[in-house]
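Visitor: Quick note, the sequences are listed as chains A and B, same order. For the first sequence, this note's numbering begins at 1 and goes up steadily by one. For the second sequence, this note's numbering begins at 1 and goes up steadily by one.
Careful, some of the hints might be misleading.
One copy or any two copies: either way a pair holds, since identical chains are not told apart in the list.
[Said to hold, decoys possible] Dumping the calculated DMTMM-like pairs for lysine to aspartate or glutamate here, alpha-carbon to alpha-carbon at most 25 Å:
1) Lys188 x Glu437
2) Lys398 x Asp388
3) Lys398 x Asp279
4) Lys269 x Asp386
5) Lys398 x Asp215
6) Lys21 x Asp129
7) Lys188 x Asp144
8) Lys127 x Asp386
9) Lys398 x Asp386
10) Lys289 x Asp471
11) Lys21 x Asp83
12) Lys289 x Asp312
13) Lys127 x Asp298
14) Lys289 x Glu385
15) Lys21 x Glu450
16) Lys289 x Asp346
17) Lys127 x Asp277
18) Lys398 x Glu385
19) Lys127 x Glu437
20) Lys398 x Glu363
21) Lys398 x Glu187
22) Lys398 x Asp113
23) Lys188 x Glu470
What the hints contain is simulated information worked out from the structure, not anything from laboratory work.
There are 2 protein chains.
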Amino acid sequence: MLIPVILSGGAGTRLWPVSRKAHPKPFMQLADGQSLAAHTLQRALAVADANEVLTVTARDYYFYTRDIYQQVRDRNSSGDRSDCRFILEPSARNTAPAIAMAALSIAARHGADACMLVMPADHLVRKPDSFVAAVSRATALAADGHLVTFGIQPTHAETGYGYIRLGTALAGDAQAVAAHAVAQFVEKPDLATATDYLQQGCYRWNAGIFCFRCDSYLQALQAHQPVLYAGVQALWESLSAAQTMPLELPAAAYAALPSISIDYAVMEKAANVVVVDADLGWSDIGSWKAISELYEADDMGNHLRGPVKLADVRDCFVQSDQRLIAAVGVSNLIIVDTGDAVLVADRERSQEVRDIVSQLHDEDHDAATFHSTVYRPWGSYTVLEDADDCKVKRLVVKPGQVLSLQRHQRRSEHWTVIRGTARVRVGDEEQTLQANESAWIPVQTLHRLENPGSEDLHLIEVQTGNYFGEDDIERFEDVYGRV
Amino acid sequence: MLIPVILSGGAGTRLWPVSRKAHPKPFMQLADGQSLAAHTLQRALAVADANEVLTVTARDYYFYTRDIYQQVRDRNSSGDRSDCRFILEPSARNTAPAIAMAALSIAARHGADACMLVMPADHLVRKPDSFVAAVSRATALAADGHLVTFGIQPTHAETGYGYIRLGTALAGDAQAVAAHAVAQFVEKPDLATATDYLQQGCYRWNAGIFCFRCDSYLQALQAHQPVLYAGVQALWESLSAAQTMPLELPAAAYAALPSISIDYAVMEKAANVVVVDADLGWSDIGSWKAISELYEADDMGNHLRGPVKLADVRDCFVQSDQRLIAAVGVSNLIIVDTGDAVLVADRERSQEVRDIVSQLHDEDHDAATFHSTVYRPWGSYTVLEDADDCKVKRLVVKPGQVLSLQRHQRRSEHWTVIRGTARVRVGDEEQTLQANESAWIPVQTLHRLENPGSEDLHLIEVQTGNYFGEDDIERFEDVYGRV
């Protein structure tokens, strides 16, 4: 029994302005129009026994992740019966506690000898068949009680990754993917050391993908991290026996757990760690430069997405959602536009984008966290105008979804339906609006918006008043638990 | 009698994306928040006799220019009685015909011996006192029958300008600005020649500023361009004796005139041409590099306007209206954002921006011509959303202005007043709306919008339907003559 566990956490600040806290790296779309999270789920379903996948993520990312997964399942055969389960973390405690909660959950459901395959949600694997083969070898080793990690053959002297030094080769079927004992985990090296590792050939990149039995991991945790182990056990036992999905972990107890990575907590300490060779076409997509390298360049060395005009431009990566980007006589730049912000970076220094995000965070700038399009459990809104005297949004409400019953103290709202059907409650009145019909919600009036149709509802909301912050929403009823 | 004549013509494609055909270079705002056209009018009023200024421009630029002028006059003393007159060109025929029409108009009004001071609307003069002194000398020479041009002492070996070689110095008051006969007009030189001119010291840049009596210019035109002279005379005589301002020239007759610059037509050929030394702090603002050189740089050599975040950026000019620009590890770039487009150019190659504009023109791309904010005689509109299923605009209607009585075949409109007062006619109904009130204009319904108040009217217009082009406006009555 193999249950994939997808860890979907960090914001990926080096990929700003596309990746932001409210819409992080796993949700980024690649050139094929699919998100990293969608690719990861497809990869997981390809190896999952019982069509079951467990995702550990933050509450804020739950609804959007669920929607991405639903789209993946819709694209799969109509008889898709995959079971996408979720554990929602109330705070981030790094990977070791998250994996422990997943292990306890899977053990309770499938037995302690069930295997788990731990995968980050935001990495790219371009060789899915090799992935299946590597997982097959890893699962066999995990079933024998090993803690298995996936090693990527280095292609260049990378200083941004941890390395694994190979030990003795493990015996196995000639057809099977090679596996070795782990001689040593080593920290991110300097360039000379990384170059040496590359030449020696007996080093692998640590890809952050793991496979083990639930009990193997929990025993290793008990042996090497007794405090963390005791904490997760106590937390688990405190949960109701009748757990519903998504499983929301208790905030205080989870926040009290040590914050530690699986590498530090277990893998670097345990004796039964092995590494399988994983020729995955792997990338952690850690920077704009890494993304630019995913694609074939054109004759001038450029990679372009969106409306771009160039005059004598070389070796640039230019991406725009919608707005026109023009470049003249430049080279080796990353230019990325997201509608509300544009990044211009030296291609070789794209890692330093996080310095910009730090500046924005320090100033509490919205663009550090939010896009002009903000995703909500019921759909999304895009800010079209944000002025002192009005705010204009395009709202998209998914079929069957309903916003909270709410009111505002400092703004009125004017809704005009563009597409679909809206059921609108204003005060005690309820009406159904079609395209080209509108409604007015006076200040301080209870109101609710619902899409009773089977297509997306699009409407333009014009807010008038003197304050338009998201904190001027008083919620009375909410199907998404936000009251 | 000295009448300044402001020539306001070309689009300034090298300053895209800020300068575009629908909102050209004279309307560009400098760092002080004022447009080049406003600066030019102020400069003109400072030397104008009888407080009279004549502007020759295109019909499309008339209303916006008039508004800029009104703001300048409002800022001047409350007793401003300046008279800003306009001649509107139905097509562009270069400078010689435009100046000829101005000469005929001024001669008819003030006599043929009145002097005219011809000034481009889109150049910068940073030493207004020197300008007044140079004009004073030029006027005295013009009164004596000379054709006077203004020569700028070169500060570097510029290859983008025409040069004037100085001839004999003219006698004059020791206090007066120096003046010389013109030995020769020379074409834009190559770099070696320009360097030579710079070292010789007896060359001046031709700034495109001229001063002469009306009859001096017309006589020179008659002598050297008899066809053009006959054409403008015939055109002038065809005009009604009772001319109203703005004076709109007849399209067919004007288009039939030779298109030729004053330099080629007259200045390079006439014998009575002199040049006054003009130490004006002059710039033709011909490129983004030229603009970047107007300002003091910060410690890192950067000049920044608008919301900009930098990480180790040097010697860049970064300008944004509203959107966030972030730059990382780059140098010597021009980065300019206008909301709907962003330019990234090597600072030394910013002249090549016109290649981008050519590409956009060839593809009939809106961004070659229009901004997201479009100026109309009644005010302006800004496009907030332009999608297949709706278009959203913010309209600003100036006090007392009224849009045409119109209807649309393919869209309905929903108006919500944000600020000010709207008088709205829909079908045969008329109503007055205040902030937070709205109106609906069904498809194919006659409607009209007016601002009866004394403050700007701001409203959000949501268009629904399946086509939102500006050509779906059927106008029935229009106070601006657009029916």
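Visitor: State whether the alpha carbon distance between lysine 127 and aspartate 386 is at most 25 Å within one copy, between copies, both, or neither.
Guide: For lysine 127 and aspartate 386, neither the intra-copy (44 Å) nor the inter-copy (40 Å) Cα distance is at most 25 Å.
Visitor: Given a CA cutoff of 25 Å, do lysine 398 and glutamate 187 count as a within-copy pair, a between-copy pair, both, or neither?
Guide: neither (46 Å within a copy, 66 Å between copies)
Visitor: Under a CA distance limit of 25 Å, which applies to lysine 398 and glutamate 363: within one copy, between copies, both, or neither?
Guide: Result: close neither inside a copy nor across copies, 34 Å intra and 37 Å inter.
Visitor: Since the copies are identical, ignore which copy is meant and state whether lysine 188 and glutamate 470 lie within 25 Å (CA to CA) inside a copy, between copies, both or neither.
Guide: neither (42 Å within a copy, 59 Å between copies)
Visitor: Indicate which option fits the pair lysine 398, glutamate 385 if close means a Cα-Cα distance not exceeding 25 Å: within, between, both or neither.
Guide: Both ways: lysine 398 and glutamate 385 sit 23 Å apart in one copy and 20 Å across, limit 25 Å.
Visitor: Since the copies are identical, ignore which copy is meant and state whether lysine 188 and aspartate 144 lie within 25 Å (CA to CA) inside a copy, between copies, both or neither.
Guide: The answer is neither: 30 Å in one copy and 83 Å across copies each exceed 25 Å.
Visitor: Between copies, within a copy, both or neither: which fits lysine 398 and aspartate 388 at Cα up to 25 Å?
Guide: between (30 Å within a copy, 19 Å between copies)
Visitor: At 25 Å max between alpha carbons, let me know whether lysine 289 reaches aspartate 312 within a copy, between copies, both or neither.
Guide: both (21 Å within a copy, 18 Å between copies)
Visitor: When no copy is specified for lysine 21 and glutamate 450, does a C-alpha distance of 25 Å or less occur within a copy, between copies, both, or neither?
Guide: neither (27 Å within a copy, 45 Å between copies)
Visitor: Since the copies are identical, ignore which copy is meant and state whether lysine 188 and glutamate 437 lie within 25 Å (CA to CA) inside a copy, between copies, both or neither.
Guide: Answer is neither: 60 Å inside a copy and 62 Å across each miss the 25 Å cutoff.
Visitor: How would you classify lysine 289 and aspartate 346 at a CA-CA limit of 25 Å: within, between, both, or neither?
Guide: Both ways: lysine 289 and aspartate 346 sit 9 Å apart in one copy and 21 Å across, limit 25 Å.
Visitor: Using 25 Å as the alpha carbon limit, work out where lysine 127 and aspartate 298 are close: within a copy, between copies, both or neither.
Guide: within (23 Å within a copy, 50 Å between copies)
Violated hints for the displayed structure, listed by number in ascending order: 1, 3, 4, 5, 6, 7, 8, 10, 11, 14, 15, 19, 20, 21, 22, 23.
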